[in-house]
Amino acid sequence: AQKITQTQPGMFVQEKEAVTLDCTYDTSDQSYGLFWYKQPSSGEMIFLIYQGSYDEQNATEGRYSLNFQKARKSANLVISASQLGDSAMYFCAMRDPGSYNTDKLIFGTGTRLQVFP
Amino acid sequence: DTAVSQTPKYLVTQMGNDKSIKCEQNLGHDTMYWYKQDSKKFLKIMFSYNNKELIINETVPNRFSPKSPDKAHLNLHINSLELGDSAVYFCASSPNRETGIETQYFGPGTRLLVL
Chain P
1 AQKITQTQPG MFVQEKEAVT LDCTYDTSDQ SYGLFWYKQP SSGEMIFLIY QGSYDEQNAT
61 EGRYSLNFQK ARKSANLVIS ASQLGDSAMY FCAMRDPGSY NTDKLIFGTG TRLQVFP
Chain U
1 DTAVSQTPKY LVTQMGNDKS IKCEQNLGHD TMYWYKQDSK KFLKIMFSYN NKELIINETV
61 PNRFSPKSPD KAHLNLHINS LELGDSAVYF CASSPNRETG IETQYFGPGT RLLVL
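So the sequences go chain by chain: P and U. One point on numbering: in this note's numbering, the residue at position 11 of the first sequence is 11, and numbering is uninterrupted. One point on numbering: in this note's numbering, the residue at position 83 of the second sequence is 83, and numbering is uninterrupted.
Careful, some of the hints might be misleading.
[Unchecked claim] Here are the simulated lysine-lysine pairs, PhoX-like style, with alpha carbons at most 20 Å apart: (1) Lys-44(U) x Lys-22(U); (2) Lys-3(P) x Lys-40(U); (3) Lys-71(U) x Lys-52(U); (4) Lys-71(U) x Lys-3(P); (5) Lys-3(P) x Lys-52(U).
[As the list claims (entries may be wrong)] Pulled from the structure, derived: some chain P residues nowhere near chain U, Cβ distances all over 10 Å: (6) Lys-16; (7) Gln-30; (8) Lys-73; (9) Gly-85; (10) Asp-86.
Just so you know, these hints were derived from the structure itself, not from any lab. Keep in mind it's a predicted model, so treat the numbers as computed, not measured. Think of the CB as a built atom: it goes at the ideal place given N, C-alpha and C, for glycine as much as any other residue.
Could you put the whole structure together from the sequences, leaning on the hints where they help?
This is the structure in structure tokens:
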């Protein structure tokens, strides 16, 4: 069964520094997708970045990049030049291939990031 | 221009009551989902619908009944509310898998508190 592990319950980073949030996954599927979502204190779930298992290059979206190491089954999120507004919970998730045309996301337990001035 | 919207945003109610949460998406997506986030922030799938058809029912008590009147709407009705139902309920939607786009877009969440 698919599983997502986030081993860092909390992380601190100083403004303008880079930070890496760890995510490892377990799956026997060859085709899968990995996602990162941000949940600020206001509660909404904001999609950040996606990596497909067959993508040859690491995904990037602005200050977010995904360090995808397939052999190690890791999909770490790198946030460059941290900003105070980056303080939030961050969730790693994997697509669990379902039947028909729908999939569900399996989520990790999240990492709370605090950015300080 | 809200993509995925939910109402209400907050819901406080007594044990034993019946309540509904509504979700609408204007993204033209075929698939919609309900997720539950517990007090420890853990998110878990409850249901998914594809084009009004129930696809996933993740061993949720039958007090929870989703309904999809059309592919843009997915409502969640909860009967006989219990204290343990207190959580944040998120609606999400995604395009058909054939588009190659897998991302699920979430609504703002409904914070349910059962007293």
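Against the structure, the hints:
1. Lys-44(U) x Lys-22(U): holds, 18 Å
2. Lys-3(P) x Lys-40(U): holds, 18 Å
3. Lys-71(U) x Lys-52(U): With Cα atoms ~5 Å apart, Lys-71(U) and Lys-52(U) stay inside 20 Å; holds.
4. Lys-71(U) x Lys-3(P): violated, 30 Å
5. Lys-3(P) x Lys-52(U): Not satisfied, since the Cα-Cα distance of roughly 28 Å exceeds 20 Å.
6. Lys-16: The claim holds: Lys-16(P) sits with its nearest Cβ about 27 Å from chain U, beyond 10 Å.
7. Gln-30: holds, 15 Å
8. Lys-73: holds, 18 Å
9. Gly-85: holds, 18 Å
10. Asp-86: holds, 17 Å
This entry does not satisfy hints 4, 5, going by the numbered hints stated previously.
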